[in-house]
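Take the sequence shown: its position 142, counted from the start at 1, is 418 in the numbering used here, and no numbers get skipped.
Derived from the structure by calculation, the hints contain no laboratory data. Using N, Cα and C, we set each Cβ at its ideal position, and we do this for glycine too. Fair warning: there could be bad hints in the mix.
[Unchecked claim] Estimated spans, in silico, between C-beta atoms of each pair:
(1) Thr-492 x Ile-450: 19 to 25 Å
(2) Leu-350 x Leu-663: 20 to 26 Å
(3) Asn-357 x Phe-574: 45 to 51 Å
(4) Arg-469 x Val-577: 44 to 50 Å
(5) Thr-325 x Pro-451: 15 to 21 Å
(6) Ser-669 x Leu-639: 36 to 42 Å
(7) Thr-472 x Ala-395: 30 to 36 Å
(8) Ile-450 x Ser-547: 26 to 32 Å
(9) Ala-359 x Ile-450: 18 to 24 Å
[To be verified] Below are the SDA-like pairs computed for lysine to any residue, each with C-alpha atoms no more than 25 Å apart in a straight line:
(10) Lys-360 x Val-461
(11) Lys-360 x Ser-346
(12) Lys-360 x Thr-342
(13) Lys-360 x Leu-350
(14) Lys-360 x Thr-472
(15) Lys-360 x Arg-471
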Amino acid sequence: MATMIEFSRTGDVSSPRSLRLRYLGLAFFWACSMLTFRSAILLTGNADTPEFNTLVVVVSFLANMTTLFSISALVERTPENLAKFSPWLFCGAIIAGIALIHLAGARFEGSGLVAALVAGSALAGVGYGYFWGSWADVLGRMHPSRTVLYAPAALLLTTVLFLGISLAVSLAAIPPVLLMAPLPVISLLCLIRCRTDSACEPEPQAEGRRYLTALTSLVPLIIATLVFSCLFGFMWETAVLSVDSATDAHGFPLVLNLVAALGLFIFVIASRRHINLSWTYQLLIPISIVLFAVVPFFWTVHPVILNAIMSAIYGVFDVIIWYMVATTAYDFAVSGFVVGGLVRALSILARLIGIGIGYLVMLVPEVASGAIVGVCIAAVYLLVMLLWFLWHSAKHPSFEVPEDDDDAEPAPSLTGPPSSTVA
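Using the sequences provided together with the hints, build the complete structure.
In structure tokens:
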């Protein structure tokens, strides 16, 4: 005989007036990372090519992923280990990295140029990895009724910063490093303040069983993350190589991202009650199926528009990732760095696979059309299977614990993480 445990997601959504800038600090470093990966404003001279832009993305993503895995392994065993890392060191790595990337094209040639870009990308990637995990840890200590407001607000501010800085660089010829360097500093100052606010809260538990249960509850999200990230990486790279410019490939998509973020933020505010965003990504799947069904017909004439649609879908999905990993960390009293870091690292890995597939497809123009048709067929198949998996899992939720085991963890649900209070 088992006792059912019901997790409540009800409660009022925090008012927009209650938003505190310090909790939107992740948007500043997020914008900095987007400007590094999804724009060519840092690349100058001989370095300003799609191939070198791809090199920066790949190296930085690998460093980002490695940092997340490494620190997560240390924090999972001993949560206090996170405090042993100097955040200023990682902030300095980001600034040094973007400065080196920017100077590489003007100061180096040949193998020296490649080495400078690799070194700068690695430094920036290490810093971004630390900030990703650290902000996931902060949000993981926040009640879900606040997270549901801060996550879309952060994406909204991120896109505003990205578009504003890109416009300033193109119109006023301001060196991009001067505008980007303050972003990680502002994010760090906000991070330090947020950590001070949560200093009196209970520390995350270091029990391996808690982490296993928490991650098991996120299995549907992880599977969806792998699929969406791979497809986003594919559309990303094919668009960049089709128009021969990272800036042109991502400029309009970020405008659509802004519209999507604004719409999601207004929707959350208008709901007036705490809503569960975990169901939202299930609505993105049919839209993605339609998108990849039409990609073979339009990719040669409208690659940027197709990338914009996929970018908007992934932007909303990114908010859902933030919300669900933070909520899971809050529910299970585990470190958001570990839970969020592992999910983010897997997302990066899948995106790299998608970028690699896109690069190989565009490498040989003669077979690109046939290859893209094959990739789109596979994408539709994966998305249909993902939709079926989520539908099937939703019919078999289980949050049960044996009555004779008071300390047992609730069994994981395959429909998404629980949230906050136990009724």
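| field | Arg-469 paired with Val-577, Cβ distance criterion 44 to 50 Å | value | 49 Å, holds
| task | May I ask you to test the hint 45 to 51 Å on the CB atoms belonging to Asn-357 and Phe-574? | result | This hint holds: roughly 49 Å between Cβ atoms.
| Pairwise hint evaluation, Leu-350 against Lys-360, where the allowed Cα distance is 25 Å at most | 11 Å, holds
| said: Just to be sure I understand the hint, the distance between the Cβ atoms of Thr-472 and Ala-395 should be within 30 to 36 Å; is that true here? | reply: At roughly 34 Å between Cβ atoms, Ala-395 and Thr-472 fall inside 30 to 36 Å, so the hint holds.
| request: Return holds or violated for the Cβ distance of Ala-359 and Ile-450 against the range 18 to 24 Å. | output: Violated, at about 37 Å.
| Lys-360 and Arg-471: Cα distance at most 25 Å? | Distance ~14 Å between Lys-360 and Arg-471 Cα, so the pair holds.
| query | Is Lys-360 within 25 Å of Thr-342, Cα to Cα? | reply | 18 Å, holds
| field | Assessment of proposed distance window 26 to 32 Å (beta carbons of Ile-450, Ser-547) | value | 40 Å, violated
| message | Hint check: Lys-360 vs Ser-346, CA-CA at most 25 Å. Holds or violated? | response | Holds, at about 14 Å.
| message | Against the range 15 to 21 Å, how does the distance between the Cβ atoms of Thr-325 and Pro-451 compare: consistent or not? | response | Because 20 Å falls inside the window, the suggested range holds.
| query | Does 20 to 26 Å hold as the CB distance between Leu-350 and Leu-663, or does it fail? | reply | The hint (20 to 26 Å, Cβ to Cβ) is violated, given that Leu-350 and Leu-663 are roughly 37 Å apart.
| field | Thr-492 versus Ile-450 beta-carbon gap, inside 19 to 25 Å or not | value | 48 Å, violated
Against the hints set out earlier in the document, violations occur for numbers 1, 2, 8, 9.
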